[in-house]
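Student: Sequence:
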Amino acid sequence: IAIPVEVKDNWSDLVLQSGIYACCLFSASPLRQFVLGIGYNYEDHTLRFLVYQRGG
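Once you know that position 18 of the sequence shown is 149 in our numbering, the rest is easy, because the numbers rise by one and skip nothing.
Computed spacing ranges between beta-carbons, pair by pair:
#  : residue 1 : residue 2 : range
1  : ARG163    : ASP140    : 25 to 31 Å
2  : VAL136    : GLN184    : 15 to 21 Å
3  : ASN141    : GLN164    : 24 to 30 Å
4  : ASN141    : LEU162    : 32 to 38 Å
5  : GLY186    : ALA159    : 15 to 21 Å
6  : HIS176    : ILE134    : 17 to 23 Å
7  : GLN184    : SER143    : 17 to 23 Å
8  : CYS155    : ARG179    : 15 to 21 Å
9  : ARG179    : CYS154    : 17 to 23 Å
10 : ASP140    : PHE180    : 15 to 21 Å
11 : PRO161    : VAL182    : 14 to 20 Å
12 : VAL138    : ALA159    : 20 to 26 Å
These aren't lab readings, by the way, just hints derived from the structure by calculation. Every residue, glycine too, gets a C-beta built ideally from N, C-alpha and C.
Kindly generate the complete structure, drawing on both the sequences and the hints.
Tutor: Here it is as structure tokens:
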């Protein structure tokens with residue numbers, strides 16, 4: 132199981148970078164339906180689970 136984890140100080144950069152990791156996982160596993168990611172904003176001390184699907 133591959134789960135990308137991204138840590139940054141703002142959500143816009145964090146979600147963008149995590150989306151790039153999700154695209155790479157979709158390319159590596161053509162049958163993968165979704166990618167679960169974890170994002171942590173160290174400025175706000177908040178954690179979010181990010182779900183990416185092939186449909187966008």
